[in-house]
Amino acid sequence: MTEAIRTRELTKDYGAGRGLFDLDLEVHAGEVFGFLGPNGAGKTTTIRQLMGLAFPTRGSAAIFDLDCHRQAVEVKRHVGYVPGEPPQFGGLRGREIIAYLGAMAGGVDRARVEALCDRLQLDVSRRYREYSTGNKKKLLLVIAFMRQPRLLILDEPTSGLDPLNQQTFNTMVLEARRDGATVFLSSHVLSEVEHVCDRVGIIRAGRLANVASLEELHEIRLHRVEIEFGGEPPLDAIRKADGVDDVTVEGQRVHCVVRGSFEPLMQAVAGAHVVNLTSHEPSLEDTFLEFYSGSGKDAVPASC
Amino acid sequence: MLRYAFRLHRWGIIGYGLVALIDAYVNTTSFQQVAGSTPAARAAFARSMSALATQISYILGPPFHLDTIDGYAQWRAFGPLALVVLIWAIAAAAGAVRGDEERQLVDYWLAAGISRARLVASRLAAFGLAALVVAAACWLGYVLGALPYETPDLGGAAGKALGLWLLMLSLFAVCYLVAQLVSTTRAAQTVGAVVVVVLYLFDVAARSNHSLDWLSWVSPFKWYDATDSLAPGGHLDGAGLALSAGLVIVTGVLAALAFARRDVRAGLLQRRAREARARDATPSPLLAWPVARLLYRQRWVLVGWMAVTIVFAAYFAGSAHAIVDSVSGVPGLRDLLVRGAGGDPYRAFIAAYWFGFVQLLLAGFAIHLVAGWASDDTEGILTSVLSMPVPRWVVVAERAAAALLGVALVVAVGSLATAAAAAAIGVSLDAATLFRASWPLIPYALTYAAVGGVFASYFPRAAIGVLGVVAFLGYLDYELVPLLKLPQWVSYFSAQFLYGTPSLTDVYWTGLWVMVAITVAGFGAATLLMRRREVGA
Numbered sequence: 033m034t035e036a037i038r039t040r041e042l043t044k045d046y047g048a049g050r051g052l053f054d055l056d057l058e059v060h061a062g063e064v065f066g067f068l069g070p071n072g073a074g075k076t077t078t079i080r081q082l083m084g085l086a087f088p089t090r091g092s093a094a095i096f097d098l099d100c101h102r103q104a105v106e107v108k109r110h111v112g113y114v115p116g117e118p119p120q121f122g123g124l125r126g127r128e129i130i131a132y133l134g135a136m137a138g139g140v141d142r143a144r145v146e147a148l149c150d151r152l153q154l155d156v157s158r159r160y161r162e163y164s165t166g167n168k169k170k171l172l173l174v175i176a177f178m179r180q181p182r183l184l185i186l187d188e189p190t191s192g193l194d195p196l197n198q199q200t201f202n203t204m205v206l207e208a209r210r211d212g213a214t215v216f217l218s219s220h221v222l223s224e225v226e227h228v229c230d231r232v233g234i235i236r237a238g239r240l241a242n243v244a245s246l247e248e249l250h251e252i253r254l255h256r257v258e259i260e261f262g263g264e265p266p267l268d269a270i271r272k273a274d275g276v277d278d279v280t281v282e283g284q285r286v287h288c289v290v291r292g293s294f295e296p297l298m299q300a301v302a303g304a305h306v307v308n309l310t311s312h313e314p315s316l317e318d319t320f321l322e323f324y325s326g327s328g329k330d331a332v333p334a335s336c
Numbered sequence: 178m179l180r181y182a183f184r185l186h187r188w189g190i191i192g193y194g195l196v197a198l199i200d201a202y203v204n205t206t207s208f209q210q211v212a213g214s215t216p217a218a219r220a221a222f223a224r225s226m227s228a229l230a231t232q233i234s235y236i237l238g239p240p241f242h243l244d245t246i247d248g249y250a251q252w253r254a255f256g257p258l259a260l261v262v263l264i265w266a267i268a269a270a271a272g273a274v275r276g277d278e279e280r281q282l283v284d285y286w287l288a289a290g291i292s293r294a295r296l297v298a299s300r301l302a303a304f305g306l307a308a309l310v311v312a313a314a315c316w317l318g319y320v321l322g323a324l325p326y327e328t329p330d331l332g333g334a335a336g337k338a339l340g341l342w343l344l345m346l347s348l349f350a351v352c353y354l355v356a357q358l359v360s361t362t363r364a365a366q367t368v369g370a371v372v373v374v375v376l377y378l379f380d381v382a383a384r385s386n387h388s389l390d391w392l393s394w395v396s397p398f399k400w401y402d403a404t405d406s407l408a409p410g411g412h413l414d415g416a417g418l419a420l421s422a423g424l425v426i427v428t429g430v431l432a433a434l435a436f437a438r439r440d441v442r443a444g445l446l447q448r449r450a451r452e453a454r455a456r457d458a459t460p461s462p463l464l465a466w467p468v469a470r471l472l473y474r475q476r477w478v479l480v481g482w483m484a485v486t487i488v489f490a491a492y493f494a495g496s497a498h499a500i501v502d503s504v505s506g507v508p509g510l511r512d513l514l515v516r517g518a519g520g521d522p523y524r525a526f527i528a529a530y531w532f533g534f535v536q537l538l539l540a541g542f543a544i545h546l547v548a549g550w551a552s553d554d555t556e557g558i559l560t561s562v563l564s565m566p567v568p569r570w571v572v573v574a575e576r577a578a579a580a581l582l583g584v585a586l587v588v589a590v591g592s593l594a595t596a597a598a599a600a601a602i603g604v605s606l607d608a609a610t611l612f613r614a615s616w617p618l619i620p621y622a623l624t625y626a627a628v629g630g631v632f633a634s635y636f637p638r639a640a641i642g643v644l645g646v647v648a649f650l651g652y653l654d655y656e657l658v659p660l661l662k663l664p665q666w667v668s669y670f671s672a673q674f675l676y677g678t679p680s681l682t683d684v685y686w687t688g689l690w691v692m693v694a695i696t697v698a699g700f701g702a703a704t705l706l707m708r709r710r711e712v713g714a
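Protein chains in written order, with the numbering used here: chain A, 33 to 336; chain B, 178 to 714.
Derived from the structure by calculation, the hints contain no laboratory data. None of these values were measured; they are calculated from a predicted model. Please note that a few of the clues may not be correct.
[Unchecked claim] Computed list of chain B residues with no C-beta within reach of chain A, every gap over 10 Å:
(1) LEU464
(2) LEU563
(3) VAL712
[To be verified] Taking CB as the label site, the calculated pair distances span:
(4) B:PHE636 with A:GLU207: 36 to 46 Å
(5) B:SER461 with A:GLY49: 45 to 55 Å
(6) A:GLN199 with B:TRP466: 53 to 63 Å
(7) B:VAL372 with A:GLU35: 38 to 48 Å
(8) B:ALA639 with A:HIS287: 38 to 48 Å
(9) B:VAL430 with A:HIS227: 25 to 35 Å
(10) B:LEU282 with A:ALA237: 47 to 57 Å
(11) B:PRO409 with A:GLY123: 29 to 39 Å
(12) A:SER191 with B:TRP570: 32 to 42 Å
(13) A:GLU117 with B:ALA484: 50 to 60 Å
(14) A:SER164 with B:LEU282: 42 to 52 Å
(15) A:GLU35 with B:VAL693: 28 to 38 Å
(16) A:GLY49 with B:LEU179: 30 to 40 Å
[Stated by the list, open to error] Distance condition first, Cα-Cα at most 25 Å in a straight line; then the derived DMTMM-like pairs of lysine to aspartate or glutamate:
(17) A:LYS168 with B:GLU327
(18) A:LYS168 with B:GLU278
(19) A:LYS168 with B:GLU711
Every residue, glycine too, gets a C-beta built ideally from N, C-alpha and C.
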């Protein structure tokens, strides 16, 4: 499979244990790859090296087999980029910024720009300093998508966008993938990317913790279960059931966490008088947090 | 809050404190060497310095008792610091208002329950403490410089240092108020610079044309000049000091009121969006062209400096009669003017005075351009540019080309305005002289731009401070080399020296080539540094 992004032992050592260490990552052409981690994990550091804005302490990064450092200009002919921190264009109007940056990229397709602005409901006649944070983000999305690049590198692209525009953004990402583009997007909110990503890489403290497909992540999802019994709860059987943890009792109510299949829990309560059973499927964020807490550290299968 | 705000000034304190210390020490300690030790030698020295003082009154205030170490230190050590601290006050005030807000520090402080009034007071107090350190450094430099030769006048120097402290604080307060009115760091720096430079020029205009004395009394620079406590027989000017203190209080209160009436990250003079007209606007085609796109983005800076240059060119050339006639009673100066420019003192005045003053304007313009480049970096615009397929060398090359064009435009309009204003009062400036004096100003200004470009490429946050210090040291160099009889090569570090006096003599070709070499080397180094540095770090 062709790789859109490939890093080998990519390291950016800021000292005192901060930075990015030995990142080996492959993002396949045509996939949407979510790069997830909490603040300070190394997401932006990775992206800045991919964009040739920062240089690795050691290791290498390549985009479409072009070295991100030595062939940075050539790389950017193929890349649309949304920075994590919006720049401050001051008094320039949105339209002027598009013309300014678009000319550097060899010109823009006006019809496409207008279509993107319409979709995102962005008024490009306004001055940049009059834009809200969300509108600044929309302008950056227009600039990244307007050239129909082969690769989109998006650093927390949905922060500041309202839910409606987040949906529009998701559609734009899926359309870009349909048209053959690769999308690399970072986020610290799993729910923002779970609808669009094919695979997810999780980075923690500067190291890639794991890479998994969305299906694999779903397999290790947690379920918070509450069972109300008509009589004495079968606590011993519940506690012994595979994949059942954190069992607590409140009178005749039992709370527990189920990982993976419900089958062992169902067998454990089979002979009891179950009055009510509710199951809350936690979001991927909870799974993510659980993963970070260490208990599920080895639960995600590697597929990188 | 106060401690944190004071900490934000630490690099300014170190940089400007060192400049103040070195300036005061070098100028004071050099007196014995340049003036001689006998009364006769010192009297002769004072006469020649007085003639020089009239010629460079756009930089230094009026001299008193130049035959004494204290009088000389007051003029040469404390005088030029007014120009140096001006840069610091503008940059620090813009950073203290707009910079803090752009970094969202103000959100944090306000959310923590700090009142807006307290925030303003803390910022003013923090700069006051920082300025106190710099004023004390100047005082110390004088004491250390004078000690080996005479008993230093501790009280007199303290009085002058007090004036310097109040000058810094009042300039900061004025710029702090200006920064409340606009909404970006760049605008705060630009408008603050215009206001402060105009206040400075009010004082300068009155130094050479006493009919404008009334104008200078609104200028904190005049109030600073008025305290001459270090020179023998001088005094602490209570009115000037009180006016400075009053200005700090009034502008501080106005700033607090403005801050209370505006949104965070917005200016008090926020314009309402003009949707109907703007919606139909199409982007300028200039944005599609290299170099032109950078000039377009800096167009208001360019227009502003062209306007300022035209105004002052017209003023200096137009008031040649009045000024020359008013100083014609000074024999040395009259002879000097009559000898220059083929015996026409008015032409000689314009040639010497305007082409000296315009160097100051062009240095300011170059620093302003560099400030824009540095802001591009710190405001994330460079990151956006480099996310496009643009080689890094193109960024530096565009800066150099835009600077060349911009400087050429400012020089051209200044020279044309000079010629027109001179012609209007019946003074004919021949085209050859005008051209000979004008075009070397281009490499002169580019020298500053190139040096600033090096720092803007590698360490943008420090670019303006460092360039300001470099410009000041260049000025010191220009003044001290002849006085201390240092080897001529030392002069090559001064752009003023390298420019020479082409309006009165001929183009100083050696200097010209050195300026060209510095420009080429500077932008070359900027290119290399830009390629090697990380952007947005």
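Right, here's what the structure says about each hint:
Consistency note on B:LEU464: stated as away from chain A, yet its beta-carbon is not over 10 Å from all of that chain's, at 4 Å minimum. The claim that B:LEU563 lies off the interface is violated: its Cβ sits roughly 6 Å from the closest Cβ of chain A, which falls inside the 10 Å cut-off. A beta-carbon of chain A is positioned within 10 Å of the beta-carbon of B:VAL712; the least distance is around 5 Å. Roughly 43 Å separates the CB atoms of B:PHE636 and A:GLU207, a value that falls within the hinted 36 to 46 Å.
Under the hint 45 to 55 Å, the C-beta atoms of B:SER461 and A:GLY49, about 49 Å apart, fit the expected range. A:GLN199 and B:TRP466 have their C-beta atoms about 39 Å apart, which leaves the hinted 53 to 63 Å range violated. A C-beta distance of roughly 57 Å is found between B:VAL372 and A:GLU35, which places it outside the suggested range of 38 to 48 Å. Between B:ALA639 and A:HIS287 the C-beta distance comes to about 58 Å, which lies outside the given range of 38 to 48 Å.
Judged by the Cβ atoms, the range 25 to 35 Å given for B:VAL430 and A:HIS227 is violated: they are separated by roughly 54 Å. Here the CB-CB span from B:LEU282 to A:ALA237 is close to 27 Å, at odds with the stated 47 to 57 Å. For the pair B:PRO409 and A:GLY123, the beta carbons lie near 53 Å from each other, so the given range of 29 to 39 Å is not met. Checked against the hint of 32 to 42 Å, the C-beta distance between A:SER191 and B:TRP570 comes to roughly 33 Å, which is consistent with it.
At about 35 Å, the CB distance of A:GLU117 to B:ALA484 disagrees with the hint of 50 to 60 Å. Taking the beta carbon of each, A:SER164 and B:LEU282 are about 20 Å apart, not inside 42 to 52 Å as hinted. Range check, A:GLU35 to B:VAL693: about 49 Å between beta-carbon atoms, so the 28 to 38 Å window is missed. Checked against the given bound of 30 to 40 Å, the beta carbons of A:GLY49 and B:LEU179, roughly 34 Å apart, stay inside it.
For the hint pairing A:LYS168 with B:GLU327, the CA-to-CA distance comes to about 64 Å; that exceeds 25 Å, so the pair is violated. Of the supplied pair hints, the one linking A:LYS168 and B:GLU278 holds, its CA atoms being roughly 17 Å apart against a limit of 25 Å. Of the pairs offered as hints, the one joining A:LYS168 and B:GLU711 holds, with about 24 Å between alpha carbons and a cut-off of 25 Å not exceeded.
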